[in-house]
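Could you build the full structure based on these sequences and the hints that come with them?
Each protein sequence line maps, in turn, to chains A and B. Read in order, the letters of the first sequence are residues 173 to 792 in this note's numbering. Read in order, the letters of the second sequence are residues 106 to 444 in this note's numbering.
Don't read these hints as lab results, they were simulated from the structure. Warning: the hint list may mix true and false statements.
[What the hints assert, rightly or not] Derived DSSO-like pairs (lysine-lysine); straight-line CA-CA distance at most 27 Å:
1) A:K181 with B:K131
2) A:K181 with B:K244
3) B:K244 with A:K252
4) B:K131 with A:K360
5) A:K402 with B:K131
6) A:K252 with B:K131
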Amino acid sequence: MSYLVLARKCRPTRFSEVVGQSHVTQTLANAIRMDRVAHGFLFSGVRGVGKTSLARILAKSLNCTDGPTDNPCGVCESCKTIADGTAVDVIEIDGASNNSVEDIRELRETVPYRPIIGRFKIYVIDEVHMLSVSAFNALLKTLEEPPPHVKFIFATTEPHKIPNTILSRIQRYDFRRISASAIIGRIKEILEEEGIHAEDAALAIVGREADGSMRDALSILDQVLAAGEKHITAEYVAQLLGVVGRQTYFELSRSLIEHTPARCLEIVQEIDRQGFDIPTFSKGLLEHLRNLVVAAVCGDDIDFLELPKEELAKLRQQAKATTNDSLHRIFKHVSQAHEEIARSSFPKILLEATLARVADLGDLVPAQEIVQRLESLARQLPATAPGGSPSQGPEKKNFNNPVAEVNRPSAGERGTAAASTDFAAPSAPSAHSRVSAPPSYGGPPSFDGMPKSTAPSAPPLTGWGMSNANPHSGPGEASASEATAPGAPLCKREWESMLAQLALKLPAKSSLLERANFSDKSTTSRIIIQFDKTDAFTAGQVQDRGMMADLERFFGEFFKQPVALQVEMCDLGNQSTLAQQRLKNQEALRKMEDAAKNHPVIRGFESALGGKISKVRLNK
Amino acid sequence: MSPRLAQIKDQDAAVSMLRRALQHDKLHHAYLFEGPKGVGKLSCARALAMAINCSAGDEGCGECIHCRKLQKGNHPDFLELGPPEGKRNILIDGVRQAEDWIRMRPHEGAARILVISPADAMTESAANALLKTLEEPRKGNYIILVSAASSSLLPTVRSRCQSVRFRALSRDTVRQLLCAMGMDANEAELLASFGRGSMEMALQHRSEEVAGRIQLGVEILEGASSRLPVKALDAAARLRDRGEAIAVLELLLMMMEELLHARAGMAAQSGLAHKMGDIFLRLQQGGTVSSAASHVAAINRALTSIQRNNMNPQLAVEGMIMSMRSRQKADFWSRIGAK
Numbered sequence: 173m174s175y176l177v178l179a180r181k182c183r184p185t186r187f188s189e190v191v192g193q194s195h196v197t198q199t200l201a202n203a204i205r206m207d208r209v210a211h212g213f214l215f216s217g218v219r220g221v222g223k224t225s226l227a228r229i230l231a232k233s234l235n236c237t238d239g240p241t242d243n244p245c246g247v248c249e250s251c252k253t254i255a256d257g258t259a260v261d262v263i264e265i266d267g268a269s270n271n272s273v274e275d276i277r278e279l280r281e282t283v284p285y286r287p288i289i290g291r292f293k294i295y296v297i298d299e300v301h302m303l304s305v306s307a308f309n310a311l312l313k314t315l316e317e318p319p320p321h322v323k324f325i326f327a328t329t330e331p332h333k334i335p336n337t338i339l340s341r342i343q344r345y346d347f348r349r350i351s352a353s354a355i356i357g358r359i360k361e362i363l364e365e366e367g368i369h370a371e372d373a374a375l376a377i378v379g380r381e382a383d384g385s386m387r388d389a390l391s392i393l394d395q396v397l398a399a400g401e402k403h404i405t406a407e408y409v410a411q412l413l414g415v416v417g418r419q420t421y422f423e424l425s426r427s428l429i430e431h432t433p434a435r436c437l438e439i440v441q442e443i444d445r446q447g448f449d450i451p452t453f454s455k456g457l458l459e460h461l462r463n464l465v466v467a468a469v470c471g472d473d474i475d476f477l478e479l480p481k482e483e484l485a486k487l488r489q490q491a492k493a494t495t496n497d498s499l500h501r502i503f504k505h506v507s508q509a510h511e512e513i514a515r516s517s518f519p520k521i522l523l524e525a526t527l528a529r530v531a532d533l534g535d536l537v538p539a540q541e542i543v544q545r546l547e548s549l550a551r552q553l554p555a556t557a558p559g560g561s562p563s564q565g566p567e568k569k570n571f572n573n574p575v576a577e578v579n580r581p582s583a584g585e586r587g588t589a590a591a592s593t594d595f596a597a598p599s600a601p602s603a604h605s606r607v608s609a610p611p612s613y614g615g616p617p618s619f620d621g622m623p624k625s626t627a628p629s630a631p632p633l634t635g636w637g638m639s640n641a642n643p644h645s646g647p648g649e650a651s652a653s654e655a656t657a658p659g660a661p662l663c664k665r666e667w668e669s670m671l672a673q674l675a676l677k678l679p680a681k682s683s684l685l686e687r688a689n690f691s692d693k694s695t696t697s698r699i700i701i702q703f704d705k706t707d708a709f710t711a712g713q714v715q716d717r718g719m720m721a722d723l724e725r726f727f728g729e730f731f732k733q734p735v736a737l738q739v740e741m742c743d744l745g746n747q748s749t750l751a752q753q754r755l756k757n758q759e760a761l762r763k764m765e766d767a768a769k770n771h772p773v774i775r776g777f778e779s780a781l782g783g784k785i786s787k788v789r790l791n792k
Numbered sequence: 106m107s108p109r110l111a112q113i114k115d116q117d118a119a120v121s122m123l124r125r126a127l128q129h130d131k132l133h134h135a136y137l138f139e140g141p142k143g144v145g146k147l148s149c150a151r152a153l154a155m156a157i158n159c160s161a162g163d164e165g166c167g168e169c170i171h172c173r174k175l176q177k178g179n180h181p182d183f184l185e186l187g188p189p190e191g192k193r194n195i196l197i198d199g200v201r202q203a204e205d206w207i208r209m210r211p212h213e214g215a216a217r218i219l220v221i222s223p224a225d226a227m228t229e230s231a232a233n234a235l236l237k238t239l240e241e242p243r244k245g246n247y248i249i250l251v252s253a254a255s256s257s258l259l260p261t262v263r264s265r266c267q268s269v270r271f272r273a274l275s276r277d278t279v280r281q282l283l284c285a286m287g288m289d290a291n292e293a294e295l296l297a298s299f300g301r302g303s304m305e306m307a308l309q310h311r312s313e314e315v316a317g318r319i320q321l322g323v324e325i326l327e328g329a330s331s332r333l334p335v336k337a338l339d340a341a342a343r344l345r346d347r348g349e350a351i352a353v354l355e356l357l358l359m360m361m362e363e364l365l366h367a368r369a370g371m372a373a374q375s376g377l378a379h380k381m382g383d384i385f386l387r388l389q390q391g392g393t394v395s396s397a398a399s400h401v402a403a404i405n406r407a408l409t410s411i412q413r414n415n416m417n418p419q420l421a422v423e424g425m426i427m428s429m430r431s432r433q434k435a436d437f438w439s440r441i442g443a444k
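Pasting the structure below:
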């Protein structure tokens with residue numbers, strides 16, 4: 173009852189019958205004719221292109237009773253036994269099942285014996301890529317110098333897995349994928365023999381689905397013929413193979429291009445309802461998108477796609493509807509997702525999600541176009557702002573100035589406590605800190621909250637007790653140690669570094685003092701804090717008894733001597749407090765940001781790119 | 106009791122193809138039954154074995170000695186090869202034994218039939234070892250590969266088989282089959298909607314567990330979009346069990362699909378949205394089509410790493426939550442930018 177499938181029934185038996193591998197068959201036939209046959213061959217190529225078939229043909233050719241011939245007779249004892257797999261001199265081995273070094277050793281033991289009937293002893297090792305490394309190595313010596321009556325033929329789909337030492341000992345033949353037209357031609361012949369008529373479109377589907385493999389094509393054909401119909405229509409084949417109509421793909425790509433996610437979801441829903449296989453559909457979509465990309469890139473010259481004329485026209489039309497970059501991006505996303513879709517047990521959800529996300533993306537504007545827009549904008553600039561340089565001059569200065577302003581405090585106070593706090597009080601460079609630097613005894617002030625930045629200068633001070641001897645000692649350092657001299661006048665630098673310390677230890681109290689200034693009459697043992705008379709509220713808070721005591725204790729620790737505090741109300745007027753300075757700084761920054769935002773060049777950018785400046789960052 | 110060919114539900118295309126091949130005596134020596142899990146592929150392979158071996162002729166009478174032996178699973182000419190006990194893969198030794206077995210003449214029936222299920226569980230070397238036999242088995246013997254993830258099979262294996270596609274069952278069929286198993290009608294209805302045309306999936310979500318899983322899924326989704334993901338991470342911490350984590354993530358995927366549809370303005374498909382009620386509406390308004398789509402990608406990634414790469418489920422889910430959050434942040438900034 174058993175039926176022999178087409179792929180086995182229609183195995184080629186002569187070199188001339190092998191489809192699409194003329195570069196191999198020609199060479200082998202010539203080699204036989206000229207008696208220059210190598211002792212080892214490797215046939216590699218994708219599945220179903222004729223490797224095993226050609227290995228058998230070669231074996232027949234070599235062992236045929238009519239002498240080595242490029243056209244084996246097919247009727248002699250040798251040809252017949254090789255065809256039905258019972259030849260004693262042709263040993264066909266399944267390399268994947270017999271892949272161990274023991275198997276190869278057994279094989280090697282049989283090599284020295286002469287063939288029983290034929291001329292040659294031919295070893296065909298199929299799926300040779302599965303041999304283990306040691307199995308391959310065990311073959312090396314035999315393969316290099318086999319006895320004259322031995323030939324090896326290896327066949328594999330994965331030649332990269334074969335060691336170079338093997339490859340260099342044998343002749344390698346790479347088999348090509350078989351073109352759709354060659355497959356269709358062969359199928360037509362077979363159908364004629366079977367007495368069956370098929371539509372061209374039906375054959376085209378089979379050719380496409382076979383994807384370069386003759387065996388796949390014949391398996392599909394078997395499936396089609398299993399119905400026993402004498403007339404085969406395209407519709408029937410498409411339905412049998414679960415191939416979705418091209419129209420659906422066009423509709424889907426249109427909704428991707430036109431950014432209508434809901435429509436995409438509807439299409440997938442419909443496909444699923446009709447019972448199509450989603451991974452297959454996704455593969456078809458990928459091919460369609462690839463065609464679209466090709467159409468976009470190659471323009472009108474896309475006849476090589478082997479598609480009907482009206483589809484080519486549609487492809488071109490759709491490709492023109494959007495930018496190449498957008499198409500590339502759609503393709504990229506779908507192809508990345510395809511792998512997952514094919515392997516997942518939830519292919520539909522994944523396909524839907526991918527399509528929805530891709531459709532939801534905005535159009536890509538090519539970088540080139542952006543550059544063009546900017547260039548055209550640059551050309552317009554002199555017209556809108558006459559005399560570009562004067563208008564740019566102040567702007568530039570504005571950009572630079574604030575940057576410097578932000579920079580200065582931290583540069584001036586490097587190495588002091590204030591540097592690590594984030595309040596940015598611009599202060600005059602170290603002029604008066606230099607003045608107040610007489611030699612002093614006693615270690616540097618140390619507080620728990622003292623930042624590490626003072627540490628590097630500390631050891632020399634304690635070692636020698638001479639702050640002056642240390643060239644690294646920062647200005648704040650010097651003034652603080654100097655302040656231990658009783659009653660020395662308080663300077664601005666000290667006041668600031670003291671507030672910085674306070675901000676670290678007692679932030680709430682420092683914020684109050686930031687609104688005040690100190691009187692000229694203040695000394696390090698008696699500090700007079702001045703508040704503006706409009707600010708009686710803050711003054712009142714500071715004058716609170718507990719608060720005064722806390723502050724006095726803190727200042728005492730700072731100056732290493734008892735300090736008396738006094739609060740004064742006066743008209744501070746223009747005299748700046750820290751709080752005011754901070755406000756001023758913020759004001760300056762804001763102005764700078766505004767200036768940057770309103771700069772004509774930036775404005776130009778905004779309108780050219782259709783964006784909005786959301787944030788301005790100031791660089792140091 | 107395995108069903109006969111005529112009793113295979115909802116697979117008209119596949120069954121009629123096999124029937125025609127039987128009638129015309131054109132059975133391929135190697136079939137690949139591919140399609141979603143739990144839709145009757147293996148049952149159909151058994152039914153085909155009955156049809157081939159039945160001594161009463163055409164489709165397996167269910168009465169003759171061969172049919173009865175096949176139904177009981179003790180026919181000497183029928184072999185089902187699966188992963189060995191406690192393993193996830195079919196190893197080369199199993200394949201070699203099966204190859205030796207199929208190389209023999211049938212013992213008492215008309216043909217030996219080897220079924221490999223799931224075929225995608227074969228290791229690479231096992232699949233390679235099968236190739237030669239798969240291409241040219243002994244005349245009259247048949248090999249049937251069954252796979253729900255056929256695209257992960259070697260192309261060389263696929264190319265040697267004739268493919269038979271199975272499709273998802275209709276919801277009605279799943280419901281009827283569940284009822285036939287003695288399930289209460291309401292529960293069958295709900296499970297049928299979760300099953301998405303697959304008996305296996307339907308049976309995975311028993312209704313007493315579903316509520317808890319939905320709850321967990323919602324916690325993860327809402328937690329991931331709140332300011333601090335504590336709630337979501339807390340939920341992740343409860344997903345230590347691999348099977349449970351997979352079930353929850355699968356449910357989450359279904360939930361996201363419903364959300365995706367709802368946000369795109371399409372009608373609800375399964376009973377899930379209905380069962381979730383107000384919570385579903387809240388989730389629906391909590392994001393865009395695009396964010397739902399990227400959540401699907403994140404969930405699938407986590408599911409894949411647990412299922413295929415054997416990742417620690419808790420870690421996988423935590424990673425998923427984090428990637429959902431970063432997506433939300435990106436969404437947020439693009440919204441701000443647009444205004």
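How the hints compare with the structure:
1. A:K181 with B:K131: holds, 13 Å
2. A:K181 with B:K244: holds, 12 Å
3. B:K244 with A:K252: holds, 17 Å
4. B:K131 with A:K360: Holds, because 20 Å separates the two Cα atoms, which is no more than 27 Å.
5. A:K402 with B:K131: holds, 15 Å
6. A:K252 with B:K131: holds, 25 Å
Going through the hint list in order, the structure satisfies each hint without exception.
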